[in-house]
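The numbering of the sequence shown is this note's numbering, which starts it at 1 and goes up by one.
The set of hints was computed from the structure by calculation and includes no laboratory data.
Hints are not guaranteed to be accurate.
Claimed, not checked - Across the chosen pairs, the derived CB separations fall in these ranges:
# : residue 1 : residue 2 : range
1 : GLN32     : ARG119    : 19 to 29 Å
2 : ASP29     : ALA295    : 22 to 32 Å
3 : TRP97     : ASN352    : 15 to 25 Å
4 : LYS96     : GLU480    : 50 to 60 Å
No residue lacks a Cβ here, since even glycine has one placed at the ideal position from N, Cα and C.
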Amino acid sequence: MVGHGNHRLKLSIFHHRSSSDPKPQRPKDCPQEYLCPISKSLMADPVVVSSGQTFERLSVEVCQDLGFSPRLEEDDSRSDFSSVITNRNIRSTILKWCDNNGIEHPQPPSYTSIELVVRQLMQKEEQENRFEVSDSALIRGVADKPTGVAVHATTEVGLRLNRFQLNSPEQTEEVIRESTLLPFKTQPSSYATNSPSSSHGGIDRDSNHRGYSDSYAPNLEEESRLILKFRSNDEFEQREGVISLRKLTKSNESIRASLCTKEFLAALLPLILSRSTNVQINAVASVVNLSLEKANKLKIVRAGFVPPLIDVLDGGNTESQEHAAGALFSLSLDDENKMAIGILGALPVLMNTLRSDSERTRNDSALCLYHLTLNPSNRVKLVKLGAVPILLSLTRIEGCTSRIVLILCNIAVSVDGRSAMLDANAVSCLVGLLKEKEMDSESTRENCVVALYALSQGGFRFRGLAKEAGAVEVLREVEERGSERAREKAKRILQMMRTGGSGSVEIEGVVQHGLDMGGVSWTGRVGTGLNRYSTNTTKF
1 MVGHGNHRLK
11 LSIFHHRSSS
21 DPKPQRPKDC
31 PQEYLCPISK
41 SLMADPVVVS
51 SGQTFERLSV
61 EVCQDLGFSP
71 RLEEDDSRSD
81 FSSVITNRNI
91 RSTILKWCDN
101 NGIEHPQPPS
111 YTSIELVVRQ
121 LMQKEEQENR
131 FEVSDSALIR
141 GVADKPTGVA
151 VHATTEVGLR
161 LNRFQLNSPE
171 QTEEVIREST
181 LLPFKTQPSS
191 YATNSPSSSH
201 GGIDRDSNHR
211 GYSDSYAPNL
221 EEESRLILKF
231 RSNDEFEQRE
241 GVISLRKLTK
251 SNESIRASLC
261 TKEFLAALLP
271 LILSRSTNVQ
281 INAVASVVNL
291 SLEKANKLKI
301 VRAGFVPPLI
311 DVLDGGNTES
321 QEHAAGALFS
331 LSLDDENKMA
341 IGILGALPVL
351 MNTLRSDSER
361 TRNDSALCLY
371 HLTLNPSNRV
381 KLVKLGAVPI
391 LLSLTRIEGC
401 TSRIVLILCN
411 IAVSVDGRSA
421 MLDANAVSCL
431 VGLLKEKEMD
441 SESTRENCVV
451 ALYALSQGGF
461 RFRGLAKEAG
471 AVEVLREVEE
481 RGSERAREKA
491 KRILQMMRTG
501 GSGSVEIEGV
511 VQHGLDMGGV
521 SWTGRVGTGL
531 NRYSTNTTKF
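With the sequences and hints as input, model every part of the structure.
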């Protein structure tokens with residue numbers, strides 16, 4: 001993927017430049033993710049497109065002008081240029097790399113040179129399509145039309161508790177190699193019932209203020225009035241506008257859907273970074289409310305809200321950070337957003353806020369990381385950030401264990417993740433958690449066993465570490481007294497340790513959205529904790 005490791009475009013062509021065109025910058029030993037896959041040069045103005053890849057902005061514009069989208073090498077799918085978001089994170093990384101290596105900052109390419117490259121790509125593809133229609137292409141064409149039935153969770157409306165509540169999940173058989181839909185509904189956990197920020201400006205917090213009821217839907221005049229307030233230079237007008245929006249979107253789904261237009265989002269966006277604390281808090285809380293509508297999640301990300309939300313999470317006041325964490329968590333539930341949020345730099349900030357003084361911020365940051373690590377590229381990024389030792393240390397903090405173990409389960413299903421966890425003594429940490437009699441929930445115990453099972457695919461290395469940590473005795477106890485799911489996993493681990501084989505079990509995770517707030521399918525199912533959580537996070 002362009003700018004993201006595994007996906008690369010089929011762009012192995014040679015193109016000519018005129019003498020007037022700027023020479024493309026292709027420094028030796030330059031990381032591939034810094035190069036535009038079309039121009040093959042350092043990106044001066046990198047942007048993320050809807051399908052998650054990063055391109056030079058001018059390359060995207062030329063492709064749009066010519067009505068062309070390149071194919072991805074990995075799955076032969078097309079890049080989606082329907083929306084473009086500036087990738088400030090990769091741009092700053094490129095400039096820093098240039099400074100560290102004494103290389104001149106990249107300059108934008110000329111339109112003519114990019115147009116020539118794109119036209120050659122189009123001509124090459126036309127020739128290939130003329131003579132080749134493979135069996136695999138026909139199979140992919142059928143596979144692109146899944147027949148699965150999506151199950152949508154209803155949006156919860158009531159006031160939310162500031163904690164997770166365990167529900168009795170529908171029992172499903174855990175069978176490795178079998179895709180299993182995990183039904184759960186989850187929303188951001190932060191909710192300030194008596195937040196002073198939402199009552200400033202002389203506006204009553206009553207949901208029926210000014211006649212707003214659950215059946216009320218704003219007309220164009222009302223939408224225009226709010227936009228004018230957002231764009232006003234008067235702080236009081238801005239504050240009144242975002243408080244009205246927060247109130248309107250608190251519990252009315254139709255309002256959330258109707259207001260999420262490009263013009264409306266563009267007017268709201270600058271207020272996320274407002275210097276007025278009150279304006280910022282209510283603006284970010286309104287984004288959380290808007291994001292609760294499934295159809296809005298992708299629109300909000302494409303409108304450019306992720307970078308300012310990350311900035312607020314990184315440096316805003318406590319209440320703003322709570323809402324920013326909730327917004328990112330809610331947006332991460334959409335599978336199409338996961339990669340973009342990771343690319344735009346959310347991962348290191350979310351790792352920092354796992355240690356926030358605010359329980360709400362910690363909870364939503366952890367669950368956001370859980371959903372982001374369902375994406376393989378984000379798992380790789382976290383490992384490279386050195387997150388594994390930090391996550392393992394956080395399992396010892398009261399109230400954090402259950403959610404951190406869920407993240408570790410995701411990381412453990414990848415080869416790099418398993419290696420990093422074995423290096424960081426994760427086996428000893430997880431066995432230690434199982435030895436503790438006071439575990440916060442049975443599901444957390446199950447997930448510890450599931451994580452150990454994923455690590456056991458490391459073979460002989462795992463055997464040595466497990467024996468050293470005293471895993472045999474603990475797993476035998478789980479096999480006798482644990483839940484059905486935990487017993488099965490413990491039995492398999494013990495069998496592997498006796499035979500010494502790593503097995504040929506496929507455990508790589510895959511993501512499927514079948515619910516309003518994100519359904520998860522695993523070929524090797526990672527735990528059961530999340531589907532037991534009904535995170536009571538509501539509208540603000």
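Hints, one by one, checked against the model:
1. GLN32 x ARG119: 19 to 29 Å: holds, 24 Å
2. ASP29 x ALA295: 22 to 32 Å: violated, 44 Å
3. TRP97 x ASN352: 15 to 25 Å: holds, 23 Å
4. LYS96 x GLU480: 50 to 60 Å: The hinted range 50 to 60 Å holds for LYS96 and GLU480, with Cβ atoms some 55 Å apart.
Of the hints listed earlier, the one the structure fails to meet is number 2.
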